[in-house]
Structures are given as C-alpha cells and as structure tokens.
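Modelling step: build the complete structure from the supplied sequences, incorporating the hints.
Okay, here's what each chain looks like letter by letter:
4 protein chains.
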Amino acid sequence: MNNINETINKVNNKLKIGIIGLGRIGQVHLAALKTLKDVDVVAISDISPDLIKKTVEEYQIPNFYTDYRLLLHQKDIDAVWICSPTTYHFTQVKEALDNNKFVFCEKPLDAELSKIETLINSYSDLSLRLMVGFNRRFDPDFATVKKRLQEIGKPVIIKITSRDPFPPSAEYSRQSGGIYNDMSIHDLDMARFISGSEVEEVIAIGSKNYTEDIDTTLITLKFKNGIICNIDNSRKASYGYDQRLEVLGHDGMISAENKKITNVQFYSDSNIQSSVLEPFFLERYKQSYIEEAKEFITAIKEKKEFPSTANDALQASILANACGQSLEKKQMIFL
Amino acid sequence: MNNINETINKVNNKLKIGIIGLGRIGQVHLAALKTLKDVDVVAISDISPDLIKKTVEEYQIPNFYTDYRLLLHQKDIDAVWICSPTTYHFTQVKEALDNNKFVFCEKPLDAELSKIETLINSYSDLSLRLMVGFNRRFDPDFATVKKRLQEIGKPVIIKITSRDPFPPSAEYSRQSGGIYNDMSIHDLDMARFISGSEVEEVIAIGSKNYTEDIDTTLITLKFKNGIICNIDNSRKASYGYDQRLEVLGHDGMISAENKKITNVQFYSDSNIQSSVLEPFFLERYKQSYIEEAKEFITAIKEKKEFPSTANDALQASILANACGQSLEKKQMIFL
Amino acid sequence: MNNINETINKVNNKLKIGIIGLGRIGQVHLAALKTLKDVDVVAISDISPDLIKKTVEEYQIPNFYTDYRLLLHQKDIDAVWICSPTTYHFTQVKEALDNNKFVFCEKPLDAELSKIETLINSYSDLSLRLMVGFNRRFDPDFATVKKRLQEIGKPVIIKITSRDPFPPSAEYSRQSGGIYNDMSIHDLDMARFISGSEVEEVIAIGSKNYTEDIDTTLITLKFKNGIICNIDNSRKASYGYDQRLEVLGHDGMISAENKKITNVQFYSDSNIQSSVLEPFFLERYKQSYIEEAKEFITAIKEKKEFPSTANDALQASILANACGQSLEKKQMIFL
Amino acid sequence: MNNINETINKVNNKLKIGIIGLGRIGQVHLAALKTLKDVDVVAISDISPDLIKKTVEEYQIPNFYTDYRLLLHQKDIDAVWICSPTTYHFTQVKEALDNNKFVFCEKPLDAELSKIETLINSYSDLSLRLMVGFNRRFDPDFATVKKRLQEIGKPVIIKITSRDPFPPSAEYSRQSGGIYNDMSIHDLDMARFISGSEVEEVIAIGSKNYTEDIDTTLITLKFKNGIICNIDNSRKASYGYDQRLEVLGHDGMISAENKKITNVQFYSDSNIQSSVLEPFFLERYKQSYIEEAKEFITAIKEKKEFPSTANDALQASILANACGQSLEKKQMIFL
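Protein chains in written order, with the numbering used here: chain A, 1 to 335; chain B, 1 to 335; chain C, 1 to 335; chain D, 1 to 335.
There's no promise every hint is true.
For chains that are exact copies, the list does not tell them apart, and a pair is met inside one copy or across any two.
What the hints assert, rightly or not - Computed cross-link-like contacts, DSSO-like style, restricted to lysine-lysine with a CA-CA straight-line distance of at most 30 Å:
no., residue 1, residue 2
1, Lys53, Lys301
2, Lys53, Lys37
3, Lys54, Lys303
4, Lys260, Lys236
5, Lys75, Lys330
6, Lys154, Lys208
7, Lys54, Lys34
8, Lys154, Lys236
9, Lys94, Lys34
10, Lys329, Lys304
11, Lys301, Lys329
12, Lys94, Lys303
13, Lys260, Lys304
The set of hints was computed from the structure by calculation and includes no laboratory data.
The structure displayed is predicted, hence computed values, not measured ones.
So, in structure tokens, the structure goes:
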C-alpha cells in the first residue's frame with residue numbers, strides 16, 4: 001500500500017501517462033487523452049517504428065520506445081495505458097503494476113480465465129490500481145440509463161441489441177475467440193452493469209449466416225436479483241452499427257436509442273427518410289473513451305476503486321464461456 | 001327565444017338530424033354522425049336522385065327529398081346539417097333557422113361578408129342556433145394544443161403549416177375564391193382559435209408555381225394581445241398532406257406534428273424510412289368531424305353557445321380578404 | 001364439398017352473418033362488421049337477455065336468440081362469428097360447420113390440443129370453412145412488415161415485444177391458462193406468421209412480479225429455416241400497451257413501432273414530452289378487427305383458404321405448452 | 001496578385017496561423033483549429049495578459065503578444081484569425097490584408113455598411129483573401145440540406161427557426177445592435193445561402209417580451225428567384241437552443257431538425273420523455289467551427305474563393321437593416 005500512496009501523492013497537477021500499443025485502439029485512447037486538460041501523455045511505445053514516427057509527428061510526444069519495458073521503467077510516468085494485442089496484456093499489466101504504475105488495460109484482460117484469476121489473487125488492492133476498458137459503461141446515453149434507473153422502479157427486463165455493421169474478415173473471425181468472447185462480452189458486461197447483480201442462468205442460441213462461425217445469436221440471462229435479460233448480437237447489420245439498451249421496470253421504461261449521423265429529414269413521395277446510424281464504434285463510442293479516461297483519472301485523484309475492474313473482466317469472460325457451452329450443448333447453463 | 005326552448009325541450013333522447021347535400025363533405029358528415037349513439041339521421045336531401053339512392057341503400061335513411069325545403073319542413077327534425085355548395089348556404093341557413101332547426105353549416109358561410117353580417121344581425125341568439133364547420137378546432141391533436149396552452153406560459157409565436165398534397169384542377173381553382181378564401185381560411189381560424197384574440201395587422205406574400213393563381217403563400221399576423229403568427233400554405237406538397245401547429249410561450253413550446261399512415265420503419269443501407277403522411281383531409285381529419293358533431297350535440301344539450309359561430313366565420317373571412325389585399329398592394333393591412 | 005359450394009353460391013351480394021356471444025370481444029367484432037358495406041349482421045345470440053336488448057337497440061339487429069342453436073339453424077345465415085367463452089368454442093364450431101355455415105372463431109379454439117386435432121381431422125376442407133381469430137396478423141403495421149419482408153433479404157432475427165398495461169385480476173389470471181396460453185400465444189402466432197416456418201427449439205424463462213403466476217417472460221425460438229426469435233412479455237407496462245415487432249435480415253431491418261395517442265409534443269425545461277401509447281388492445285388493434293373481417297369475406301368470395309386456420313391455432317397452442325414445459329424444467333424443448 | 005501567390009506558395013505542409021482575440025469566440029476557434037492536422041497555431045494576441053497566460057499554458061503556443069500588430073508582422077504566419085470585438089474588425093482586417101495574410105474574420109465585419117463597402121472596394125481579390133465567419137453554413141446538417149437541395153426540385157418556401165435559450169443581459173442587449181444585427185443576421189445569411197438568390201422584399205414584425213428591445217420577431221423575405229422565406233427568432237426558448245431549417249420544393253421537402261443531447265427515452269405513466277436540445281451554440285455548432293476552419297484551409301490550398309465572403313457580410317447586414325426599417329415603419333421594404 002505504501003507504494004500506491006506514493007504514486008497517488010505524486011499526482012499533483014497533471015497525471016503523466018504512457019501508452020503501450022499504437023494500433024487502432026491505441027490511437028483512439030491517445031486522441032481521447034489529448035482532449036483532457038489534466039493529463040500529459042509523456043511516452044509511447046510500439047514495436048513498429050513507423051507507428052511511433054507518425055504518432056510523434058502528430059502529437060509531439062517527448063518519449064518513445066520500441067521496447068515497452070523502457071516505458072514501464074520511466075520514473076515520472078504515473079499511469080500506463082495498455083493497448084497492445086490481447087496476448088501481451090497479462091505480462092504487461094503485471095509488469096506495470098510491479099513498477100507501481102496505475103494501469104488501464106483494454107478488454108479482454110486475457111483469453112484465459114485462470115490468468116485473470118491469477119492477477120486478481122496476486123494484488124489485494126487491484127481494484128484501486130487496474131481499470132479494465134469496458135468503454136460502453138461510460139457512453140453518455142448508457143450512463144444516463146444507469147443513473148436514472150431508480151426512476152422506473154424495480155427493473156424486471158433488460159434488453160440489449162448490439163450488431164456490427166459488417167462481418168469481420170475470416171482471419172479476424174478465427175482469431176477473435178468467437179462471437180461471445182469478441183462481441184457479446186461487451187453486452188454481457190452491460191447487462192451486469194445495469195442489473196447490479198450476477199447471472200445464475202445462461203442460454204444461447206445462434207446461427208451462421210455470413211461466416212463459418214456463429215455470427216447471429218440470442219442470449220438469455222437470469223440474474224440473482226430476478227431480472228431477466230435478452231441480448232441479440234449480429235456480425236452484420238447492413239443499415240449500420242446498431243446499439244440499443246432498454247430496461248423495463250415496475251413503474252416505467254427507460255431506453256437508449258441509436259444515434260443517427262445527422263438530424264436531416266427528407267420527405268419524398270413514398271417515404272420520409274432520416275439519416276443512417278453512426279457507422280461503427282469509433283464514431284458511436286467516441287465520447288465514451290473520453291469519459292472513460294476521465295473516470296480513470298477521477299478514481300485515482302479520489303483514491304477510490306475504478307469503475308470497471310479485473311473482476312468485471314473475469315465475470316464477463318465467465319458469461320461468454322457459458323454462452324458458448326449453452327450453444328454447443330443446447331442446454332441452460334447454471335452458474 | 002320561445003321557439004328555441006321548445007326545440008331544446010324536444011331533444012330528449014336522440015337528436016333527429018337531416019342532412020342537405022350529399023356530395024363529398026356531406027358523406028363525410030353522414031359517416032361521422034353514424035358513429036354516434038345519441039343522434040338519428042332521419043332525412044337527407046340532394047338534387048341528385050342517384051346520390052340519394054346510393055346513400056339510402058348504404059345507410060337506410062327513412063326520409064329523402066330532392067327538394068331541401070321539404071326536409072326543412074319535416075316537423076320531427078331537430079337539427080339540419082348544411083353540406084350543399086357555398087352559394088346555397090345563406091338561403092338554406094336562413095330557412096332552417098326560420099323553421100326553428102338547430103343548424104350546422106359547412107364553411108364558408110358565404111363568399112360575401114355582407115351576407116354573413118346580415119345573418120349575424122338578424123338573429124340575436126345566433127350563436128346558440130348556428131354552428132359553422134371549422135372542423136380543425138376539433139382535431140384531437142390541435143384541441144390538445146389549445147387545452148394545454150396555459151402550460152407554456154404567455155404565448156408569443158404561433159406557427160401554422162398547412163399544405164395540400166396536390167394542386168386543385170384549374171376549374172376548381174377559379175371557383176374557389178383563391179387560396180386565402182379556400183385554404184388559408186382554415187388556418188386563419190386556427191390562429192384566432194389558438195391566440196384567443198383578434199388580428200390587428202396582416203401581411204401576405206406569395207408565388208405562383210403550379211397554377212395561374214397564387215398557390216404558395218406566407219401570411220404574417222399580429223394579434224391585439226401581442227402574439228405574432230406565421231402561416232405557410234402551399235397548394236402542393238408532393239410528400240402528402242402537411243398539417244402542423246406550433247406555439248412558443250414564455251415557459252415552453254407545444255406542437256402538433258404530422259400524422260403518418262403507419263409506424264413501420266425500414267432500415268436500408270442509405271437511410272431509415274418511415275411512413276408517408278395521411279394523404280388528405282378525409283383521412284387526416286376523420287376524427288375531427290366526429291368530435292365536431294359531438295360538440296354540436298353537447299352544446300344543444302347543455303344550452304350553451306356553439307364552439308364555432310357565425311362570428312368566427314365572419315372574422316376568418318375578413319382575414320382572408322385582408323391577405324388578398326396585402327398581397328396585391330404589397331402593404332401591411334391594418335384591421 | 002357439395003354443401004360448401006352451395007353455401008358459397010348463396011353469397012351473392014351481402015354476406016349474412018350471425019354472432020354468438022355479445023361480451024367484450026363480441027361487441028368488438030360487431031362494431032367492426034358494422035363498418036363494412038358488403039355484410040349484414042342479421043342475427044345475434046347470447047345467454048344474457050340484457051346484452052341482447054342493449055345490442056338490438058344500438059344496432060337494430062332483426063333476429064336475436066338466447067339459444068345459439070336457433071341462430072345456427074337460421075337458414076339465410078351464411079357465416080357465424082363465435083365470440084363466446086372458450087369452453088363453448090369446440091361444440092359451437094362443430095355445430096356451425098355441420099349446419100354448413102362459414103365459421104369465424106375467436107382464439108383459442110380450445111384449451112385442449114386434442115380437441116383442436118379432432119376438429120382438424122374431422123373436416124377435410126376445414127381451412128376453407130373455419131377461420132381462427134389471430135387479429136394481429138391483420139394489423140396494418142404488422143401486415144406491412146410481413147408484406148415488405150422480402151425487401152430486407154433473408155430474415156435472421158425476429159424480435160417481438162408484447163406487454164399489457166396492467167396485470168389482470170387474480171381470478172382472471174387463474175382461469176387464463178397462464179401467461180403463455182393467454183398472452184404469449186398471440187406473439188407465438190406472430191412469430192410463425194412472420195417467419196413462414198415452424199419452430200424446432202423453444203426456451204422460456206420468467207419471473208413473478210405482480211401476480212402469483214409467471215407474469216414476465218422471455219421466450220426464445222429457433223425455426224426450421226434458421227431464423228431465431230425473441231419474444232418478451234410482461235403483464236404490466238405502466239406506460240401503456242407496448243406492442244412492437246422487428247425483423248433483421250441480410251440486407252436491412254424492418255420494424256413496427258408503437259402507436260401514440262396523439263402527435264403532440266410538449267417542450268419543457270427538462271425534457272421533450274410526447275404522447276403515451278394507445279392504452280390497450282381495443283384501441284391499438286381496432287383496425288385489425290376490421291381488416292380481419294374483410295379477409296374473412298374475401299376468402300369466402302374468392303373460394304380460397306382462410307389466412308388463419310385451425311392448424312395455426314394448433315401450432316400456437318403447441319408452442320405455448322412448450323414454453324410452459326421449458327420454464328418448469330429449465331430446459332430447451334425440442335419439437 | 002504577386003503577393004498572394006507568394007503567400008499561397010509558402011503554404012506547403014502546415015498552414016501557420018495567428019489568432020487575435022482570446023475571448024469566448026477566440027477560444028472556440030482555437031479549440032477547433034487544434035483538432036486539425038494540417039495547421040499550426042503559432043501565435044496568439046490579446047490585450048489581457050491573463051488570457052494569454054491561460055491559453056499558452058493550455059495549448060503551448062510559442063508566440064504571444066498583447067499588441068496584435070506584432071502578430072501581424074510575424075513573417076512566418078500565413079493566416080490570421082480575427083476574433084476581437086467588432087469595433088476592431090475593420091482596422092485589423094485591413095492591416096492583416098496589407099501584411100499579406102489570409103484573413104478569417106468573425107461576423108459582423110463591421111457595424112457600418114459603408115466600412116464593409118470600403119473593404120470590398122479596396123481589394124479586388126478580396127474573396128480569395130478574406131473569409132467571414134458565417135459558421136452555420138458549415139454545420140453538417142445545414143450543409144447537407146444545401147447539398148441535397150436539387151433532390152426536392154425547385155424550392156418554393158424556406159423556413160428558419162432560430163431561438164436563443166435565454167435573453168441576453170440588458171447591457172449586452174443594448175450594445176448588440178438589436179435582434180436583427182445580433183441574432184437574425186445568421187438566419188438572413190442562411191436564407192441567402194440556401195436560396196442562392198438575393199432578396200427583393202423584406203417585412204418584419206416583432207414584440208417585446210423579455211427585454212426593452214424587440215426580442216421576438218417574424219421576418220418574411222421574397223427572393224428574386226421567387227422563393228419566399230419565413231424566419232422566426234426569439235431571444236428566449238425555455239426548452240433550449242432551437243435551430244431548425246426546412247425547405248419545400250416542387251418535388252419534396254428537406255429539413256434539419258434539432259439536436260438532442262442524448263438518445264435516451266423515458267416512458268412514464270403520463271408521457272414519453274426525450275432529451276432536451278443542445279443548450280447553446282458552443283455545443284450545437286461545435287462541429288461547424290471545425291468544418292469552417294477546414295473550408296478556409298481548403299480554399300487557400302485550392303486557390304479558390306472562400307465560401308463566405310465580405311459580400312455575404314454586406315448583404316446580410318443590408319437585410320438586417322431592412323428588417324429594422326420594416327419593423328419601425330410597418331411597411332414592406334423593397335431592395
């Protein structure tokens with residue numbers, strides 16, 4: 001605990017941040033962090049010198065490394081943002097923690113439950129030191145649903161729709177760990193987040209339409225507090241990135257509807273046309289990455305638990321695995 | 001006054017109604033009256049035997065005449081619905097009143113202001129005996145706007161959009177008395193109805209796009225109570241019958257938006273399509289004719305003034321004429 | 001077959017109809033039939049003389065009976081509308097068919113699958129003679145979804161939301177046969193109607209919130225053609241009668257959204273308020289009963305199968321039973 | 001012309017920009033410019049050392065001056081952004097042009113028409129060198145309306161609603177030049193932009209509700225190409241910043257509706273609540289400032305006229321003055 005307190009005390013004005021991994025999601029986080037006034041991105045690391053060069057030119061970052069370990073040893077860095085491929089997460093998270101950095105790690109924490117459990121068991125104060133990137137929790141619309149939940153009375157049904165605009169490449173699909181670990185995991189986390197409870201029953205059915213794997217699925221959950229939940233996922237929605245949430249309670253309903261690109265309406269002879277949806281997650285969830293970074297900083301400053309933790313990562317992965325089992329065995333899975 | 005009280009006393013259970021004129025608007029009123037439980041349509045009249053035959057067959061009306069005077073002399077009739085062409089209105093209204101009938105007359109009461117004034121001056125209790133058909137006042141949406149008006153605080157701006165789906169035939173257009181007397185008159189009445197005040201300044205500009213007359217116009221009104229109002233009319237709206245009302249007040253805004261035929265949404269690759277609007281007034285204002293008839297009956301039963309009177313007809317016609325003058329002289333008209 | 005052809009030949013101008021049962025749903029059908037020009041309701045029957053009296057007074061029906069058998073033996077009647085309590089359906093349908101009447105029967109045809117099967121097995125041409133009242137198929141919005149289905153490409157997910165505004169009385173609940181036979185049966189039929197296929201896998205989970213029975217449920221179906229479907233039902237939706245349908249296809253999505261009572265919008269300081277939904281089925285599905293009656297008449301005139309048959313009733317009941325089993329056993333049910 | 005070509009040639013990679021005036025609108029432009037990759041804000045100037053200090057700390061700008069003339073003489077600056085109070089615009093624009101800088105100037109260019117005319121007459125190639133900040137033209141929604149205008153056929157009616165959320169302070173109101181020069185000028189420019197024509201007739205009426213000046217107004221315009229236009233402005237809209245545009249054409253209608261803060265819907269017993277509008281112009285038009293800056297840069301790189309010029313500023317001011325005259329004289333003003 002000593003070390004953490006030291007680290008926290010260091011954080012006076014601006015939090016000094018290093019980013020490991022400059023691929024797509026790394027760029028998203030870097031852009032989000034650059035909009036904040038109380039952080040300084042002081043170092044970056046990637047195995048690709050080209051990516052480093054491009055990023056330094058655009059953002060004038062003073063320190064850059066091809067070896068992430070050099071970044072982890074840079075003394076003045078308070079917090080590390082791990083945006084590397086999943087296979088590196090476990091090692092980098094551990095090393096960052098052992099170097100007394102606050103750590104933000106993209107989901108999934110690891111493909112193997114046992115490794116996530118190892119992390120959880122190795123650090124008693126992990127929820128004060130490691131935040132896992134379930135960015136949708138910080139989307140302003142979904143966060144508003146969560147915040148206003150008590151206004152609908154006791155919740156009874158949660159419905160989540162989450163559909164990607166187009167199926168991934170065959171290669172990506174193969175490496176992704178399947179639809180449940182790759183796509184549904186976000187929605188399973190959202191269901192836990194909204195319900196405030198843990199799942200006791202899981203059922204999943206699915207179909208193959210665009211790929212060689214299950215690419216369309218319906219998941220049904222029953223939570224310990226009695227809430228029942230349906231998630232529908234599809235690897236393809238030709239009309240755009242469909243992201244909806246709805247909660248029915250004893251005294252009302254609250255929903256977060258899709259975001260359209262414009263508010264333009266076109267009145268033709270045969271219909272009234274409104275705008276398509278935001279195309280994909282970079283646009284749809286742009287603000288969520290900024291809010292997520294703010295929450296990371298706030299938690300550090302206020303010395304409180306991060307709002308999405310290693311345990312959340314573990315529970316979401318357990319649920320994703322249960323979906324896969326249910327699909328295969330055509331049975332309800334009891335947790 | 002004696003006679004009216006007698007007439008009122010006769011009305012015990014069902015109000016007995018005769019309809020003069022079985023054209024399009026006559027059929028609309030007949031269909032509306034047939035949905036009500038406390039009226040009996042006991043007689044109809046039209047110069048066309050074919051129309052009479054068709055109507056009797058469909059609705060089994062016991063009495064029918066080609067001469068409307070016979071209907072007016074039928075003793076057991078309490079109220080007469082005048083749905084004949086405008087040129088007959090004045091004479092038939094007078095004769096009906098003189099036969100101690102309650103009268104409903106379609107707008108306009110007459111093309112000439114002087115005749116409407118003659119009617120008003122001839123019957124001291126006219127507002128208890130004659131209702132004029134400004135059906136839009138009874139549309140459930142517009143009536144809701146009126147009813148909830150105090151919730152937005154003192155009103156400051158009224159905006160009315162009223163566009164027909166397609167321009168009338170050249171012949172109709174010529175006989176119609178022009179866009180202000182034919183179309184705008186409904187909106188001018190709506191503006192008076194919503195404002196609860198009288199106009200003191202009128203300006204109109206317009207353009208000819210589809211016909212040889214002004215077919216597109218913007219009307220601006222200033223009311224004595226300070227409210228300012230804009231009306232936009234067009235003889236053509238290729239996307240359907242566009243009927244909207246909006247009131248801005250000190251503490252909020254209330255609006256009545258268009259009605260779509262269905263609530264079906266179609267999500268394509270390039271847009272999200274919703275249904276077109278109700279095609280024209282028969283569909284859009286169907287319910288208003290039923291509510292109008294109910295209000296007619298209620299006023300009789302409760303011995304109170306009708307909710308749209310000869311004076312309303314007069315004022316709307318005065319405004320329509322002022323619009324025409326403003327357009328011609330390119331000046332503000334002061335009333 | 002002779003008899004049917006005779007019956008069909010009798011139908012020249014107006015179809016002569018008798019109605020058995022004048023309770024709530026009987027009144028709905030009577031009102032719907034009275035809006036149609038090519039039918040005559042010539043006889044009614046109910047065990048309650050009061051209901052008969054009230055109905056004759058309102059609609060001037062020439063023949064009325066407290067014994068439905070007299071109605072079935074009235075020679076000039078072409079078609080019989082069975083709106084009595086469920087327990088009478090089987091007997092009355094049989095007797096009506098045996099009297100060579102066309103028959104419309106409200107759902108459910110019978111609480112017992114075996115009786116429905118008996119009917120199906122007893123009349124080889126049953127689908128030309130008996131229509132079962134799945135009125136929602138004829139709702140203009142849902143019918144539009146069905147009609148335009150090919151525009152979204154191969155369907156993959158169907159989602160149905162169907163929630164009553166308030167829970168039934170304890171007594172009704174007890175007699176209703178449970179949520180699956182009472183409420184979900186409509187949605188199970190809708191799923192079959194939209195999918196154009198039969199179910200092979202059923203899963204249901206539920207919870208008890210407002211009553212002593214399951215009153216909130218999620219049903220998941222897998223159809224033989226690969227479509228997967230989610231139905232969510234609740235005995236209570238404090239905000240009104242929530243009835244939605246959505247179909248995702250390879251090339252788009254089509255949905256039928258809720259109907260609001262008005263199109264009025266109220267802009268306050270803290271939100272923009274639109275109208276509540278239609279309160280319950282009498283209002284929401286009013287038009288569907290009219291369209292249903294039209295389809296009944298059209299099928300007879302064109303000598304084609306009715307659009308909702310005894311087999312549809314059987315399949316929906318099989319699915320409702322499967323839901324109950326799945327819930328109880330916490331297992332997927334294979335059909 | 002030599003000088004301009006030189007200036008253009010200097011622009012190789014990043015455009016070097018200096019900003020004069022760091023008040024509210026200066027900060028908006030600075031934030032917008034910092035999101036762009038092909039510009040460098042290399043200098044700022046303000047009379048307030050505090051504002052300079054705060055801004056340098058936040059954005060690390062290398063050069064800063066309390067005397068704007070020093071900025072104008074900084075050789076490596078390509079373009080100057082004039083965000084000072086209106087009274088300085090004329091002098092600073094002239095000096096900047098005379099120092100061979102490209103100039104972006106916030107509207108209004110000057111309160112006096114004669115000075116704008118002086119500028120126009122002094123520089124033959126002014127539209128290649130000076131852009132005036134009518135930011136709403138670059139709002140993605142309004143720009144979409146403009147871009148798709150040909151899809152609705154010949155335009156006949158333009159309607160613009162533009163209402164501020166709350167009235168300005170008495171002091172601001174007094175200095176603002178009145179509602180027409182302060183608020184309506186944006187909408188008058190929008191009307192010209194959308195119509196692609198010049199106005200020949202102007203009428204304005206108004207009322208005083210919240211301030212000692214006209215704070216609520218309806219403007220009617222007739223354009224040379226026959227389009228008629230209504231603008232409604234209010235200094236107060238308790239429900240938020242109301243910004244709408246609608247164009248009716250021969251073959252359809254296109255509109256830009258308001259932006260709501262979230263897409264959350266709340267279903268209560270008495271209504272369905274959606275989110276309030278974006279609160280004010282900083283939020284509502286955030287993207288427009290970024291797009292405006294992009295257009296400025298593009299025009300320079302492609303050596304083409306700026307999309308909003310001194311002539312646009314002149315015409316909008318002429319219209320604002322005409323509105324004031326019409327209101328005062330209660331007459332139509334002919335231009």
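Here is what the structure says about each hint:
{"no.": "1", "hint": "Lys53 <-> Lys301", "in the structure": "between (32 Å within a copy, 26 Å between copies)"}
{"no.": "2", "hint": "Lys53 <-> Lys37", "in the structure": "both (24 Å within a copy, 15 Å between copies)"}
{"no.": "3", "hint": "Lys54 <-> Lys303", "in the structure": "between (35 Å within a copy, 28 Å between copies)"}
{"no.": "4", "hint": "Lys260 <-> Lys236", "in the structure": "both (18 Å within a copy, 28 Å between copies)"}
{"no.": "5", "hint": "Lys75 <-> Lys330", "in the structure": "neither (53 Å within a copy, 56 Å between copies)"}
{"no.": "6", "hint": "Lys154 <-> Lys208", "in the structure": "between (36 Å within a copy, 12 Å between copies)"}
{"no.": "7", "hint": "Lys54 <-> Lys34", "in the structure": "both (16 Å within a copy, 17 Å between copies)"}
{"no.": "8", "hint": "Lys154 <-> Lys236", "in the structure": "between (34 Å within a copy, 12 Å between copies)"}
{"no.": "9", "hint": "Lys94 <-> Lys34", "in the structure": "within (26 Å within a copy, 36 Å between copies)"}
{"no.": "10", "hint": "Lys329 <-> Lys304", "in the structure": "neither (42 Å within a copy, 44 Å between copies)"}
{"no.": "11", "hint": "Lys301 <-> Lys329", "in the structure": "neither (47 Å within a copy, 51 Å between copies)"}
{"no.": "12", "hint": "Lys94 <-> Lys303", "in the structure": "within (20 Å within a copy, 55 Å between copies)"}
{"no.": "13", "hint": "Lys260 <-> Lys304", "in the structure": "neither (36 Å within a copy, 33 Å between copies)"}
Hints 5, 10, 11, 13, counting from the list given before, are not met by this structure.
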